[in-house]
Every structure is written in structure tokens, then in C-alpha cells.
Amino acid sequence: MPSSRRPRSAPGASWLLKTATWGGVLFLHVPLALIILYAFSSEDKSYVFPPPGLTTQWFAVTLGRTDVWAAVTLSVQVAALSTAIAIVLGTLAAGALARWQFFGRETISLLLILPLALPGVITGIALRSAYHTLEIPFSFWTIVVGHATFCVVVVYNNAVARLRRISPSLLEASMDLGANAFQTFRYVLLPQLGSALLAGGLLAFALSFDEVIVTTFTAGQQTTLPIWMVQELIRPRQRPVTNVVAVFIIALTFIPIVAAYWLTRSGEDGSAR
Amino acid sequence: MSTAAVPATRLAPSLSDRLSTLIFSRRGLLPGLLILPPLLWFGIVYLGSLLSLLANAFFSIDEFSGAVVRDISFGNFVAIFSPTNLDVALRSTAMSLSVTAACIAIGFPIAYYMARHARGTGKALLYVAVMLPLWSSYLVRLYAWKLLLAKEGAISWVLQAVGLQWLLDGVLSLPVVGGSSLSFSPLGTFIVFVYMWLPFVILPIQAAIERIPASCLEASADLGAHPAQTFRKVIVPLAMPGIAAGSIFSFSLTLGDYIIPQVIGNSTLYIGQVVYRQQGVAGNLPFAAAFSLVPIVVIGVYLWLAKRKGAFDAL
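Chains A and B, in that order, are what the protein sequence lines are. Heads up, the first sequence is in the numbering used here, so the first residue is 1 and it goes up one at a time. Heads up, the second sequence is in the numbering used here, so the first residue is 1001 and it goes up one at a time.
Treat the hints as calculated values from the structure; they're not laboratory data. Watch out, some of these pointers could steer you wrong.
[What the hints assert, rightly or not] Derived SDA-like pairs: lysine to any residue, alpha-carbon spacing no greater than 20 Å straight-line:
1. B:1151 to B:1191
2. B:1151 to A:234
3. B:1309 to A:117
4. B:1123 to A:19
5. B:1309 to B:1298
6. B:1151 to B:1181
7. B:1307 to A:111
8. B:1123 to A:262
9. B:1233 to B:1211
10. A:18 to B:1231
[To be verified] Label pairs and their in silico Cβ distance ranges:
11. A:220 to B:1067: 16 to 26 Å
12. B:1036 to A:106: 16 to 26 Å
13. A:17 to B:1300: 32 to 42 Å
14. B:1300 to A:103: 16 to 26 Å
[Stated by the list, open to error] Chain A residues, not near chain B, derived (Cβ > 10 Å throughout):
15. 42
16. 59
17. 62
18. 63
19. 77
20. 80
21. 84
22. 140
23. 195
Everything numeric in this text was worked out from a predicted model, so none of it was measured. A virtual CB, placed ideally from N, CA and C, is assigned to each residue, including glycine.
Please model the entire structure based on the sequences and the hints provided.
Next up, the structure:
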């Protein structure tokens, strides 16, 4: 896009502004780069910098750890199921709230955002007290219920933004041509909505995969990957293994995030031009 | 529409056709059906849990058996106002406010540059650079700071290399913020909080500045305002909803977090830690429930203030 779209009212940024900006970007990214360096460190007793030597042996050690694999498996299962529930509920909510005006609409959209807007500790202790009151024992499902609840808003946000950009005349045309509601959903709405749902689902997955605060209240004795990580952070036992796991998590979460960004971005460009 | 256009095969409507007709037969039936499952989920799971939280706050615990006594009492609320607990609440609020202030101070220039100076690929890259940390693993980023702030870690090493070790030692010997190393000091906790929530603050501010029409700035300049005046009188007020929106995130997230102060910091407690310990180690769920109402109230007040600044128009 040529810059002619916007008048060039802003002259060149001052060096101070540039320094502040790129300094801030460095502040955000140097720690992540450091994690990758540490995964290769040969030191296993402290966090000494610079690492005394570099090695790849810890990757093999980590791959052989059954506790790490068990935690990864549980986290993936929880995230997959929570995301599936969030996609269904988030899409339904977006469908109802995107265009129709009705009593309580604002309250419902606030309700959807609340689990993410309030500190996780509140959602966590609320679920914990509900389970305790109803005498529900901790299980895989108690984790999933919590995760699905705060993942809904992520899918909802993506779906509602897309739905508001889809022209209503498209749906009217489909109905006028004799398609019923389900056919219109399947052949007209879903193809338009698909990439937004995929993006929302990816972000929901990343959110659930990484969540620790609500999880500590709803997991009981179960160990998801973030809970495993917290235990290592508070009482480091196997520093090199933790370093390698951290790198795996970076790699695993970067993929869905970048994919989600790309999916929503191309969708926006498509309708804007 | 005439029925003549309907093909012969559709004269006998299928089940889905009939359902479809039924759905459209009444106004409001379709949105009602759509909203029903999410509403049930949030009504039962979320609001139900919050109600049980509220109920638990009025219960108490039997000192001998440790069982929850389901009688209404206000003992927990009296206990909240004990000096120790009040101290925790005030310290957490003060930490949240200072983290929010620092996030705005660091985030505003980045947001401003992104919105008004960056173009094309540079802008997309900056956006990704801010968004990636926002979504990437909270624990991994926390772990990175454990590495950075450790006594033998990278920050110490860099400061030693440039001959500024005395500065670090001086800061760490300060009474309130200092500690044995950055990793075990309130200053360390503060730095990590700022780092964690910075992207949450940048993005709403950037969106708000982006929305300022260029004509407003031109008008300001044409009317003879110095760039600094334009900044103060036009840009900052118009960016205020974004600043308020971003600050909600940093404030609320700091107030409830209990992992960061547990990993980085000395043994001073914050609200989240008290809630977590009371329900876990101490086994006093009713008190944990009552204490978790403290951040709800504080955030309620903060949201009310932010709403007056127009934060919800910028979310």
C-alpha cells in the first residue's frame, strides 16, 4: 500500500522515540532468546551466565523423561477438548450477539469476557469452591470445564469480528435461492467464518496449553505441563531439562500464534480492499 | 417470491427444511436458540461458581476437624481487616498501581511509534514483535527472568562487565525494594510484572492513537500549536481511552497473580498468594473465598474509574 492513503502529518520520528521503541522491543525479546541459549548450556547446577560450554545432550535426556511426556499428554488433551467446547460455544454466542439487538445483550457479552478480565485466581477459587460444595472430585473434567470457560471469549472475539464484516445480503441471497438455515450455515456462512474460527481456536489452544493459575485450583494432584513447570520454577531439580522443555513450549506456542495472526490478517485484507 | 420457482423435489420438505422453517417462524427464536448453550454454560458453570464463592465467604471452618461449617458468619470479613491482611491488600494494590504506571511509561512511546511512524513491513513486524510475547508462554517468560535476574545470571554479568556492579549493590541494599539478589527482591518482582503485561498495555494504546484523525493534528498545527502542545492537548487526551483500557489489564493481572511473586521476590505476600495458600496448605477455603473478594472490589473500583475515562469504548 502506498503511503498516500494517509497524509504524512507525522514527520520522522526523533531518535529518542526510536530508541524507546526498539529498546522496548529488545526488552520484550531478549529474555526469550536467552531461554534458547540456556537449553544448550552444559551447566546443570546454577543459572550462570555466560554458559561455560554448549551441548545438545539435554535434548536427549528430556526426550527420555516419562514425567515430561505425561504432563505434555495431559496438557494437549485438556487444550484440545477445551478448544473444541470453546469453538462451539463461542461461535453460537457470536452468532446471536453479532447482529441481533436484544435485552441483556451487553450483560451477556460482559459475562463472556469476565473469566479473562478478572484475575485467574478468582475464577480458580470460584471453581474450586463450587467443586468443594458439590463434592465433585478433581479429575480431567474439572480442568477442562475451567479452561473451556475462559477460552470461549477468544473464539467469540474472532468470530464476532468476522460476522460483522460478512454482508447480510449474502445470507439473504442464499435464503432467497431456497437454501434452508442449515444449508446457508454450511455452504455460505461457514466458508466465510472458517479462518476466523481456526484463528480463534489456535489462540484458545495456546491459552489453555499455557494456563496455570486457574489450573492449580482445579487439577488436584494432576500435573499439566505448566504445573510441572511451576514446580521446577519454585524448587529447581533438573535445570537443564526445564531449559529444554521451555524451548519446546516456545516452539509449540509460536506456531499457533503466528498462524492465527496470518489467518485473521489475510481475512481483514481481503475485505478491506 | 413465488413458489413456482421451487423445484419439484422440494415439494416434500426434508426434516432440516421443516426445522429451518420452524426456526424462522418466530422472531427472536433463532438468536434465542443460538445464545442458549453459551448462556447455560456461563450461567451454571461460571455464575454458579461465583455464587458458591460468595456463599463460602460467609462460611467458616471447624478448628478441630477442618471441615467447612455452613453457617452464615462475618468472621472472615473481620479477619480481612486484621493488620497483616490489610497490609497484603495495600501492598498488592500499590504494586499494581506502580506496575501500571511503568507499563504506560514504557508502552506509550512504542504504541505511538507503531501508530504514527511505522509503515508497511516495519509496522507488521513491530506488531508481531509485540503480539508474540503477549500470547507466548507466561511460564517460559517467567523462567527467562529467573535466569536473567539470578545472582550469577546475565544482568549481574553485564553490569559487572561494564563496571556498574556498585549500582546494582546499591539498589539492592535499599530498604523496601532491595533484597539479597534481584531474583529475591521486590524490585525483581516489579520488573517481571512490567515485562509480563507490557504488550497488553501497548496494543490498546496503539489502537487508540491509530484512530486519531490526521486532520485533528493538522488543525492543531495550523492553529499554531507547537508539536509538544499538540501532543499534550490533542494526542494524549484522545489516546486516554486506550491508556485506560490497557491499564485495566496490567492492574487486574498484577492484582491477582500469585505465581510471579512466588518465583521472583522475597517472602512478602500478595493477595493471590494468600488466597492460594489459604485454600491449599491451610485448608481454609472459606477465608480464601472471602479474601478473593478483595481484588474483586478493588478492580470494581478501578473499572468504574476507567469507564469514566472511556476505557470500554477502546476495548
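Do the hints match the structure? See the list:
Pair hint residue 1151 (chain B) plus residue 1191 (chain B) holds up; C-alpha atoms about 15 Å apart against a cutoff of 20 Å. Restraint check for residue 1151 (chain B) and residue 234 (chain A): the C-alpha separation of about 16 Å stays at or below 20 Å, so the hint holds. Between residue 1309 (chain B) and residue 117 (chain A) the CA atoms are separated by roughly 18 Å; this keeps the pair inside 20 Å, and the hint holds. For a cut-off of 20 Å, the pair hint linking residue 1123 (chain B) to residue 19 (chain A) stands: about 16 Å separates their Cα positions.
Distance restraint check for residue 1309 (chain B) and residue 1298 (chain B): the Cα-Cα separation of roughly 17 Å lies within the 20 Å cut-off, and the hinted pair is therefore satisfied. As the CA atoms of residue 1151 (chain B) and residue 1181 (chain B) are separated by approximately 6 Å, the hinted pair is consistent with the 20 Å bound. With a CA separation close to 17 Å, the supplied pair residue 1307 (chain B) and residue 111 (chain A) stays within the 20 Å bound. Proposed proximity of residue 1123 (chain B) and residue 262 (chain A) is supported: the alpha carbons are some 14 Å apart, at most 20 Å.
For the hint linking residue 1233 (chain B) to residue 1211 (chain B), the alpha-carbon distance of about 16 Å falls within 20 Å, and the restraint holds. Note on residue 18 (chain A) and residue 1231 (chain B): the hinted pairing holds, with a Cα-Cα distance of about 17 Å set against a maximum of 20 Å. Our hint of 16 to 26 Å for residue 220 (chain A) and residue 1067 (chain B) holds, since their Cβ atoms are close to 18 Å apart. Between residue 1036 (chain B) and residue 106 (chain A) the beta carbons are some 18 Å apart, a value that agrees with the proposed interval 16 to 26 Å.
In this structure the hint that residue 17 (chain A) and residue 1300 (chain B) lie 32 to 42 Å apart at CB holds, the actual value being about 36 Å. A beta carbon spacing of about 24 Å between residue 1300 (chain B) and residue 103 (chain A) agrees with the range 16 to 26 Å that was offered as a hint. At roughly 15 Å from the closest C-beta of chain B, the C-beta of residue 42 (chain A) stays outside 10 Å, upholding its exclusion from the interface. For residue 59 (chain A), the requirement that its beta carbon stay farther than 10 Å from each beta carbon of chain B is met, with the minimum near 16 Å.
Chain B leaves residue 62 (chain A) outside its interface by the beta-carbon criterion, the shortest separation being 14 Å against a cut-off of 10 Å. Remark: the non-interface label on residue 63 (chain A) is consistent with the geometry, its nearest Cβ contact in chain B lying 18 Å away (cut-off 10 Å). Listed as a non-interface residue, residue 77 (chain A) keeps its Cβ farther than 10 Å from every Cβ of chain B; the least gap is roughly 18 Å. Consistency note on residue 80 (chain A): stated as away from chain B, and its beta-carbon is indeed over 10 Å from all of that chain's, at 17 Å minimum.
For residue 84 (chain A), the non-interface assignment is confirmed: its Cβ lies about 13 Å from the closest Cβ of chain B, beyond the 10 Å cut-off. With a minimum CB-CB distance of about 16 Å to chain B, residue 140 (chain A) clears the 10 Å threshold, and the non-interface call stands. No beta-carbon of chain B is positioned within 10 Å of the beta-carbon of residue 195 (chain A); the least distance is around 17 Å.
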